[in-house]
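**Student:** With the hints as your guide, set chains B, Z and C onto chain G.
There are 4 protein chains.
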Amino acid sequence: MNSNTFGTAFCLTTFGESHGAAIGGVIDGCPAGILLDKSLIENELERRKSGKNNAMSTRKEPDAVEFLSGLFEGRTTGTPIAFLIRNKDAKTSDYENIKNVFRPSHADFTYQEKYGIRDYAGGGRGSARTLLPCVVAGAIAKQILASQGIEIASSVVQIGEEKSEGFSNDEIERILSRFRDERDTVGAVVRGTIKNVPVGLGEPAFMKFHAVLAQAMMSINAAKGFEIGEGFNAAGMRGSVCNDEFVNDGGRIHTKTNHSGGVQGGITNGEDVVFNVAFKPIPSVMQPQQTVDIQGNPTTLEIQGRHDVCVVPRVVPMVEALAAMVTLDFILLKKCNKI
Amino acid sequence: MNSNTFGTAFCLTTFGESHGAAIGGVIDGCPAGILLDKSLIENELERRKSGKNNAMSTRKEPDAVEFLSGLFEGRTTGTPIAFLIRNKDAKTSDYENIKNVFRPSHADFTYQEKYGIRDYAGGGRGSARTLLPCVVAGAIAKQILASQGIEIASSVVQIGEEKSEGFSNDEIERILSRFRDERDTVGAVVRGTIKNVPVGLGEPAFMKFHAVLAQAMMSINAAKGFEIGEGFNAAGMRGSVCNDEFVNDGGRIHTKTNHSGGVQGGITNGEDVVFNVAFKPIPSVMQPQQTVDIQGNPTTLEIQGRHDVCVVPRVVPMVEALAAMVTLDFILLKKCNKI
Amino acid sequence: MNSNTFGTAFCLTTFGESHGAAIGGVIDGCPAGILLDKSLIENELERRKSGKNNAMSTRKEPDAVEFLSGLFEGRTTGTPIAFLIRNKDAKTSDYENIKNVFRPSHADFTYQEKYGIRDYAGGGRGSARTLLPCVVAGAIAKQILASQGIEIASSVVQIGEEKSEGFSNDEIERILSRFRDERDTVGAVVRGTIKNVPVGLGEPAFMKFHAVLAQAMMSINAAKGFEIGEGFNAAGMRGSVCNDEFVNDGGRIHTKTNHSGGVQGGITNGEDVVFNVAFKPIPSVMQPQQTVDIQGNPTTLEIQGRHDVCVVPRVVPMVEALAAMVTLDFILLKKCNKI
Amino acid sequence: MNSNTFGTAFCLTTFGESHGAAIGGVIDGCPAGILLDKSLIENELERRKSGKNNAMSTRKEPDAVEFLSGLFEGRTTGTPIAFLIRNKDAKTSDYENIKNVFRPSHADFTYQEKYGIRDYAGGGRGSARTLLPCVVAGAIAKQILASQGIEIASSVVQIGEEKSEGFSNDEIERILSRFRDERDTVGAVVRGTIKNVPVGLGEPAFMKFHAVLAQAMMSINAAKGFEIGEGFNAAGMRGSVCNDEFVNDGGRIHTKTNHSGGVQGGITNGEDVVFNVAFKPIPSVMQPQQTVDIQGNPTTLEIQGRHDVCVVPRVVPMVEALAAMVTLDFILLKKCNKI
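Chains as they are written, first to last, in this note's numbering: chain G, 228 to 566; chain B, 228 to 566; chain Z, 228 to 566; chain C, 228 to 566.
Just chain G, same shape as in the assembly (with noise of 0.2 Å):
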């Protein structure tokens, strides 16, 4: 039912599981005659692959991406863009000890329940790396959106109990490798800010530009909350405090505090789109669990192999890319407002 589709004029497909054959999308809807830039394509997967915010080197190494339609001579061409990644060859047999059972706080025992059956290699569907076509997809839409003067940036602001306006990468390698060891995982907060925008994206009233960036980042795994402009922090204040006041500044009416985030009435203002992700700790802790097999049993859990202490830094360049995605979404919309 469409269900993994993303997008109203460009809309992204994704398909593929963690070890099937290969991962990858078809974007429907990207405007005809761009010229695209993949070195800009492969860096984002790069950041998203090593967590650098700042690829040195655009390595050909997978994650490389393949390129099957809707390119000509290196440009669009207003027909479906499909593209894969090939994952490489893993070992369902390595997922042999959790193949019957549930891994707590994962995507395990609800799509069992859902669909009577899983691929439970490496997650499945359920893995975060089925995410790649995201940022294959926003690299595209980062690209178009920059041609227009719009950039999408982003910070780590929180990672368990600490804070800050923007993690260094060495501060954030710092902070995880504590919890690395002690063998436990840890929570984040992403910050996301989409400079230049446009007055007016976003379509009332349920397409408000808020609620379907809400959407798109509650889509990422392990996302749990979302906010924009004070949000939460928003429920404390008072309307004297909180509301924005128009002034002119020089002929361009904008307002003098940022409160709203950039969008009022679920329409983008003009002002900096600012929005936070909160992400959960990702559950794959290296610590003995108590949960239950497929039937019901009781077992413990050791989860082997090493994975990420948490979903920053390379959650990062997801949340850039499915804002790009939603903006770049937005202004092709708001060409039909008018005839």
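Errors might be hidden in some of the hints.
For identical chains, the list gives no copy identity; a pair is met inside one copy or between any two copies.
[Stated by the list, open to error] Computed list of lysine-lysine pairs in DSSO-like fashion (alpha-carbon distance at most 27 Å, straight line):
no. : residue 1 : residue 2
1   : K265      : K422
2   : K483      : K265
3   : K265      : K565
4   : K326      : K483
5   : K422      : K326
6   : K422      : K315
These are computed hints drawn from the structure, not numbers from a lab.
**Tutor:** For chains B, Z and C alone, coordinates are given in the frame of chain G:
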């Protein structure tokens, strides 16, 4: 482009402005053969109107809902259920003073810029009143859910800086009166709980239960944040603490804790779905505010009339209504998971 | 599931039964700022009601349309335009004799089986009257198209075995009166022509201009066939004859012939879009018919009251209306093809 | 904007150009737990490739389909089923001569005008080869339908001016060879029949069974007409003749005749769904043709290589495939009609 439609199988299309002829909606996809109890619908509208949590009486006053189609001898027929609520004889002339002024943190500026025209009376399409159709559709959804044993509950857990596990009406009134006296407004947090949810609701990857729920909640006027389960609190937690251990409770697999808020991998796991929605203060403060007019000239705005001090308690049935719509929608969609 | 909604950018949701309170619709996505000429809408409804091709007068009788939203000072605001047409005081009791009988070639049996309940009065949701909202939406679309120089025309090219390049009203009346005298009904073919169509309307692969047009036309009650350009005739042709040679006509590329009917590869080529819609005879013949009742018992049905003899001329404005909606929709969608 | 996606519950998104890297699709919404018989899929592709009605062997040659996701141990998992078919090493250089020329009645001109760019090799996205993914999805749908006792059949009932109740392969070959000798092409009509259809498929008002079926069929390259039941013939009939009398056949209500083609009021009535699709002659005739180039200069085009003379027999499995997809989609949607 259907931005005023919400839902996939159980769909609501809404229409109407605050001071237009009527506000209403069309429900497409309501299952056939349901005997509608209209008093339950009136009750919800009354709760929304009076802000009472339990309406004592079902007065047949405005907002009286008129059903136009889709019912036969009191039962749903499977065809679209259209309904409307007439707006009382509001005088557009009352709004002459805001006709050319952009009220801070309202949708005036963004609608004007987006469409080049706006119905300014009472906030037009940007008014919270335009969510009334959700209350009607939600009341119908609730009735169907109740027949399946599913219940939607809610409570007010924060007003300004005061927090609670659920304020009583008297407590709410006491807090709000303080802000009213100061001619100011205040934000709040509403908690929703969906009880007795079947396992398996929600569709990967972009129609995760909580992703669609987030979109729904962020569509409510003044909503600035959404979280499920531990939400933003999860960012500060360790995996070893946040994970929900599976246990076998007399043959039924469930989780010992519910940090996940009833959703794992985007799909309900049978535990209560628990979520919070943060609302900013109502922007109509009874104090002079600096702003600009439609030509960009600085001006001082003094809002007239009587306005609410806070979205609670009136937004509470709205939160429940949208939660009910989302839940019913996913129950219908789940039928398609297997042949 | 939104099956009562048509269109992607310019969307109409319809509701209502033949003998319910009202029939109406909600238009979502109508461009903002259009000054609506309501007399044009009344004219189309009058054409549909009287079967006249050119309404001489615009009588303010039923079916008078009431607009509920989306207009401000006569102009579209970009928000949903809801409207309704009240049904006259039809007495459900008049339909007691068909309450438990399945009329041959009507929707009685299929609705009953599908939903387990049906509004039998006047055919309920299956009545041709439920298409009135398309006439309203189509009249709005026509007005917007006219501002772009695009015109929708139509003619009746076949009634029973008689064919023409376009029957006059008098000719239509003459033919139909013959069948009326014989207490029988008859089928017909209506030809639609969309003139001055821009090049580039229609979207591959499943939203080809003529594929969506076909869906639209086949949604009209009693429609049994659709063809574009040479249509079924093309099956009997050779490529060397059927191909449309491109020529340069004073700088504008167009085709010497128009066997394609204005569409190549699913996209308009700038020539007139020409299509035919075949309608079966109206099933309400004034003769005794054998059928079964709701228990499956054989029975003889004698239909009471006055019924049309043929869908023409009243269906003609319906064909035009849907063609206008499709054309406007694709004009809006085309805006998204390039950034 | 998702124009390359078809279906509501059982959705296919297609991608690919004739001479790009690959052609493929993503099926979203396939029910979980189905054990796929890949040989049935290969069979259908072979029928499409060779034009044989009953493939004797299932050769593992191109067009070999590679599945990328959505299957686990041979069964569908409920997640997206992606697949691709590699294009053989077609040389784009072979198409230099049509690079700048608009072939008559092809999609060259319209794609160029719409997008400002086009992949001209082999017709790009406009090639009939881009419908291969429908054959794959249709084969899967057929297999699921077969488990419900539903069968899709088809026959060629007209080629040029010759008509039949169903030509044999030999007859088809005999007729086509005549046109091949004359270096010309010819049109055809294909009849599809859906047998053992459950009562109640199709959704009012715009997703009537035959309206969606019409959209599907008109999406096939070269399709110019669609009709159901008596179709265009019904325009010449009287109601007293065309009506389908209901009878009770041993407890099952059905119709004595099937002029309706299995659909009444847009909903299947349990009789066979019978429809015709008319196709124009393939535009690639082996004769010199007058046309213009991309600058609008008159030029003579001589098409090289070997081309089909007629869409039949190769289009036949395509008609069946789309009919199967539509039928399965409506079976899934019907599950939502009641709670």
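**Student:** Hint by hint, say whether it matches the structure.
**Tutor:** Hint by hint, here is what the structure shows:
Taking CA atoms no more than 27 Å apart as the test, K265 paired with K422 passes inside one copy only; the shortest distance there is 23 Å, against 43 Å between copies. In this homomeric assembly, K483 and K265 never come within 27 Å of each other (Cα to Cα): the closest approach is 39 Å inside a single copy and 43 Å across copies. Within a single copy, K265 and K565 get their C-alpha atoms only as close as 34 Å, which misses the 27 Å cut-off; across copies the closest is 20 Å, which meets it. In this homomeric assembly, K326 and K483 come within 27 Å of each other (Cα to Cα) only across copies, at 22 Å, whereas the closest approach inside a single copy is 56 Å.
Proximity of K422 to K326 under the C-alpha cut-off of 27 Å is found in neither arrangement, the shortest distances being 45 Å within a copy and 30 Å between copies. For the homomeric pair K422 and K315, neither the shortest alpha-carbon distance inside one copy (37 Å) nor that between copies (42 Å) is at most 27 Å.
Comparing the model with each numbered hint stated earlier shows that hints 2, 5 and 6 do not hold.
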